[in-house]
Amino acid sequence: MRKSKALVFEMGQPGRRALDLPECDVPAQDAAALIPEKYLRRSPAALPEISQLELMRHYTGLSQRNFGVDSGFYPLGSCTMKYNPKINEEACRYAGFAMLHPLQDPDTVQGALELLYNMEQYLAEIAGMDAVSMQPVAGAHGELTGIKVIQAYHRHRGEARNKVIVPDSAHGTNPATAGVSGLETVEIKSYADGSINLDALRAVVGPDTAALMLTNPSTLGLFEKNIEAIAEIVHDAGGLLYYDGANANAIMGIVRPGDMGFDVVHFNLHKTFSTPHGGGGPGSGPIGVKKALAPFLPAPLVTFDGEKYALDFDRPLSIGKVHSFYGNFGVIVRAYAYIRAMGPDGLRQASEDAVLNANYCLARLKEKYHSPFERFCMHECVLTSKKQKPHGVRTLDIAKRLLDHGYHPPTIYFPLIVEEALMIEPTETESKETLDGFIATMLTIAKEAEEQPEMVKSAPHSTVVGRLDEATAARKPVVRWKKS
Amino acid sequence: MNFPKELKYARSHEWVRVEGSRAVVGITDYAQHQLGDIVFIEVPTVGNKVEVGKNFSVVESVKAVSDIYAPVAGVIVEVNEKLGDAPETVNQDPYGEGWIAVIEMSDRANLDDLLGSDEYADLAAKGGH
Chain A
109 MRKSKALVFE MGQPGRRALD LPECDVPAQD AAALIPEKYL RRSPAALPEI SQLELMRHYT
169 GLSQRNFGVD SGFYPLGSCT MKYNPKINEE ACRYAGFAML HPLQDPDTVQ GALELLYNME
229 QYLAEIAGMD AVSMQPVAGA HGELTGIKVI QAYHRHRGEA RNKVIVPDSA HGTNPATAGV
289 SGLETVEIKS YADGSINLDA LRAVVGPDTA ALMLTNPSTL GLFEKNIEAI AEIVHDAGGL
349 LYYDGANANA IMGIVRPGDM GFDVVHFNLH KTFSTPHGGG GPGSGPIGVK KALAPFLPAP
409 LVTFDGEKYA LDFDRPLSIG KVHSFYGNFG VIVRAYAYIR AMGPDGLRQA SEDAVLNANY
469 CLARLKEKYH SPFERFCMHE CVLTSKKQKP HGVRTLDIAK RLLDHGYHPP TIYFPLIVEE
529 ALMIEPTETE SKETLDGFIA TMLTIAKEAE EQPEMVKSAP HSTVVGRLDE ATAARKPVVR
589 WKKS
Chain B
558 MNFPKELKYA RSHEWVRVEG SRAVVGITDY AQHQLGDIVF IEVPTVGNKV EVGKNFSVVE
618 SVKAVSDIYA PVAGVIVEVN EKLGDAPETV NQDPYGEGWI AVIEMSDRAN LDDLLGSDEY
678 ADLAAKGGH
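As you go down the protein sequences, you meet chains A and B in turn. Residue numbers for the first sequence follow my numbering, beginning at 109 and rising by one. Residue numbers for the second sequence follow my numbering, beginning at 558 and rising by one.
So that you can see chain A by itself, here it is in the shape it has in the complex (with noise of 0.2 Å):
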């Protein structure tokens, strides 16, 4: 493997180019007479001067050097980073849906509302919902889109509710979605199995519970199983329920957020429905949710009258647009394509499969590295640390070691009420030889940290850069190139 960390400011020779452009054909103006000498340059623009051989390589070099599902297993917990079937991208780029102007008239665009009202549909039944808008662009978004929503129903039904419950395992974005929203966060305790407190739950609900947003699996991976005790404590004093669906992966088909007794639920398109992700998006966060909310979720709505696909802007109740038009289409194409590949047992069987496959990592790992919760998991299973600590190997210590083997690692140091947390997530898309083999390379690893714990915690020691200063680099962030 190349290693070469040169920028390309740092390659080639003065008066290099990759490109040679033809004569100019038009008459040459001085730029002087037509742009006021104040935005003129001084000096001539420091651009690369490198071939064009040089420019490919370099490029294509740093390509090389990036990591995704396509290169490598990735099993990074919470986030479920499955295979992205490449008919979904073909999908996406059928003309009739890619040359679409958002403007265009509805007459013009039924097959694409079509595949809007559908989706809509599908995710009402998987959710156990009675309507869904497809807007939200992120889980996050979805997140907050859903409690304004809720907010707006408890407004229009004259109760002032400013609280929202999350337990203390949620996602970071639960409160940050409630602080946004204006509502303020309650935190309550889980039991050490990682349930629910149903006490601490009891003491906080009250006539100021807005919801209580809760994930289910719970990030810690394990089945909440107080779910109907938990929703009606909530319900009885007035508030709502709110399912983040970051992990619907593990129950496809099998239990519904609806059924379960909540009233808001968002999934995330590109997790649980094999969209694209990683880098930053884009993403696809729709929400799903109870009839008696449904006149608050974001316009406009695909309608059907039986002849003709419609958009239906006269909403008079609802939040208002949360993202321009109908959120990422190009993503909720590509969801549409994976629903219809599946099938509902499809869908049922990848859930079944993560599950089965998250449960033998955490069988085979168990011994060699702890596990804090003597029970099956669900979808993802927490390790720690804890059996490493004694020879100063701790959780970032192997994170990094399996860079060297080829991996990306684990989701480290969340849950954050597991102590040097290591959360494995490996999706049922991959095979039972996959698994294997990074199972063996986690057993070799503990080994490791026994015999030669100082290579363990100096790792990586294969690739481009070694153990990054994140202190300093989040201290001191230095976020572009200077000349120096």
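Simulated from the structure, these hints should not be mistaken for lab results. Please note: incorrect hints may appear among the correct ones.
Listed next, the in silico DSS-like pairs over lysine-lysine satisfying Cα-Cα at most 30 Å (straight line) [what the hints assert, rightly or not]:
| # | chain 1 | residue 1 | chain 2 | residue 2 |
| --- | --- | --- | --- | --- |
| 1 | A | K590 | B | K639 |
| 2 | B | K683 | A | K555 |
| 3 | A | K113 | A | K271 |
| 4 | A | K113 | B | K620 |
| 5 | A | K497 | B | K562 |
On the chain B side, residues computed to face chain A include the following (Cβ under 7 Å) [said to hold, decoys possible]:
| # | residue |
| --- | --- |
| 6 | D594 |
| 7 | V596 |
| 8 | V619 |
| 9 | K620 |
| 10 | A621 |
Quick caveat, the model's predicted, so the values are computed rather than measured. Cβ coordinates follow ideal geometry from the N, Cα and C atoms, glycine included.
Place chain B on chain A using the hints.
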């Protein structure tokens, strides 16, 4: 790990040094150790009212972002502005230069609910819960 005898401790890992009617507040040696390298501290605003057990400051480390809870109720009368440029001070000297804020206490009875250094050391030894 060091838990000075003269300080009082909250179960949520803050320490308090009582100076007359005022309480100097920071996070414990155990807390800074658990958090790892601290990279940012959002200090509270002078004049803000704080309630017992409510978050009044945020600490970000390379591992996580954590709320800091007020161990006593009152009004913020002073904050450690130096932490803006040097958050690592909390790692290096949690009980000295790494103090976070001074609270003018509104109810000294709050102090009775805090732990002594031996009690807090036990809590830390058990993993902090």
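Cross-check of the supplied hints:
no., hint, verdict
1, K590/A x K639/B, "holds (28 Å)"
2, K683/B x K555/A, "holds (27 Å)"
3, K113/A x K271/A, "violated (50 Å)"
4, K113/A x K620/B, "holds (27 Å)"
5, K497/A x K562/B, "holds (29 Å)"
6, D594, "holds (3 Å)"
7, V596, "holds (4 Å)"
8, V619, "holds (4 Å)"
9, K620, "holds (4 Å)"
10, A621, "holds (6 Å)"
Hint violations for this structure: number 3 only, all remaining hints satisfied.
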